[in-house]
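**Q** Those protein sequences? They're chains A and B, same order as listed.
All residue numbers for the first sequence refer to our numbering, where the first residue is 16 and numbers rise by one.
All residue numbers for the second sequence refer to our numbering, where the first residue is 22 and numbers rise by one.
Note that these hints are calculated values from the structure, not bench results.
In this text, a Cβ means the ideal position worked out from N, Cα and C, and glycines have one as well.
A portion of the hints provided could be inaccurate.
[Said to hold, decoys possible] Restraint-style ranges between C-beta atoms, simulated for each label pair:
1. Glu23(A) / Ala32(B): 28 to 34 Å
2. Pro137(A) / Ser39(B): 36 to 42 Å
3. Asp37(B) / Glu134(A): 17 to 23 Å
4. Gly130(A) / Glu34(B): 18 to 24 Å
[To be verified] In silico EDC-like cross-links for lysine to aspartate or glutamate, where the CA-CA straight-line distance does not exceed 20 Å:
5. Lys141(A) / Glu34(B)
6. Lys150(A) / Glu134(A)
7. Lys34(A) / Glu34(B)
[As the list claims (entries may be wrong)] Covered, in the sense of this in silico footprint (three residues per stretch, anywhere, with C-beta under 8 Å from a C-beta of chain B), are these stretches of chain A:
8. 67–81
9. 100–107
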Amino acid sequence: MAADAAEEAWRELIGSIDKDNHEKALEAANAVLKLQPNEPDALRCKAISLIHLSKFADAIALIKGQAALSGMVFERAYCHYRLNELDPAFEALKGLSESDEKSMHLRAQLLYRMGRYSECAPIYEKLLPAAQARKEPLSELKTNYAAAVASSG
Amino acid sequence: KPALFDLAFNAIEYPDVSAHA
Ligand SMILES: [K+]
Numbered sequence: 016m017a018a019d020a021a022e023e024a025w026r027e028l029i030g031s032i033d034k035d036n037h038e039k040a041l042e043a044a045n046a047v048l049k050l051q052p053n054e055p056d057a058l059r060c061k062a063i064s065l066i067h068l069s070k071f072a073d074a075i076a077l078i079k080g081q082a083a084l085s086g087m088v089f090e091r092a093y094c095h096y097r098l099n100e101l102d103p104a105f106e107a108l109k110g111l112s113e114s115d116e117k118s119m120h121l122r123a124q125l126l127y128r129m130g131r132y133s134e135c136a137p138i139y140e141k142l143l144p145a146a147q148a149r150k151e152p153l154s155e156l157k158t159n160y161a162a163a164v165a166s167s168g
Numbered sequence: 022k023p024a025l026f027d028l029a030f031n032a033i034e035y036p037d038v039s040a041h042a
């Protein structure tokens, strides 16, 4: 029965996510979407699976093509960043709040790649205390901050 | 040259799908 098949596909999807098996998660998301077309959570899972599988262009196409995924702005920006499509990535991020840490971090990385060093240095500087408070390793942020400061001369 | 971060990537998480379980 269709309901059982959908339940089974969801079980497969949830299990695959738990195991970080992104190939299987993508397959399972597709299986769910065959039975429940445009199901928003399944669409989100499919987009995230594509990103984890480095299928960035596919992820962008999916996110752009589905109204239910219009909130995945950071993810879309990140995909463009990974494709080295700096302008579309930056454009996408403009719609997001400055106070969102991951977006700030991505914006700093983009500005650095664009050679806009004096603009990215203060963003790295702002990110350091929050990362420190979470007891995260800081080496990468510090490296990027130092590089930005050095390059902004 | 800055380290190529993947901190943003770490933040890319699957949605909470527990309601479907
Ligand atoms: K970088």
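**Q** For each hint, tell me whether it holds in the structure or not.
**A** Quick rundown of the hints versus the structure:
| no. | hint | verdict |
| --- | --- | --- |
| 1 | Glu23(A) / Ala32(B): 28 to 34 Å | holds (30 Å) |
| 2 | Pro137(A) / Ser39(B): 36 to 42 Å | holds (39 Å) |
| 3 | Asp37(B) / Glu134(A): 17 to 23 Å | violated (35 Å) |
| 4 | Gly130(A) / Glu34(B): 18 to 24 Å | violated (31 Å) |
| 5 | Lys141(A) / Glu34(B) | violated (24 Å) |
| 6 | Lys150(A) / Glu134(A) | violated (26 Å) |
| 7 | Lys34(A) / Glu34(B) | holds (13 Å) |
| 8 | 67–81 | violated (count 1) |
| 9 | 100–107 | violated (count 0) |
Of the numbered hints listed earlier, those contradicted by the structure are 3, 4, 5, 6, 8, 9.
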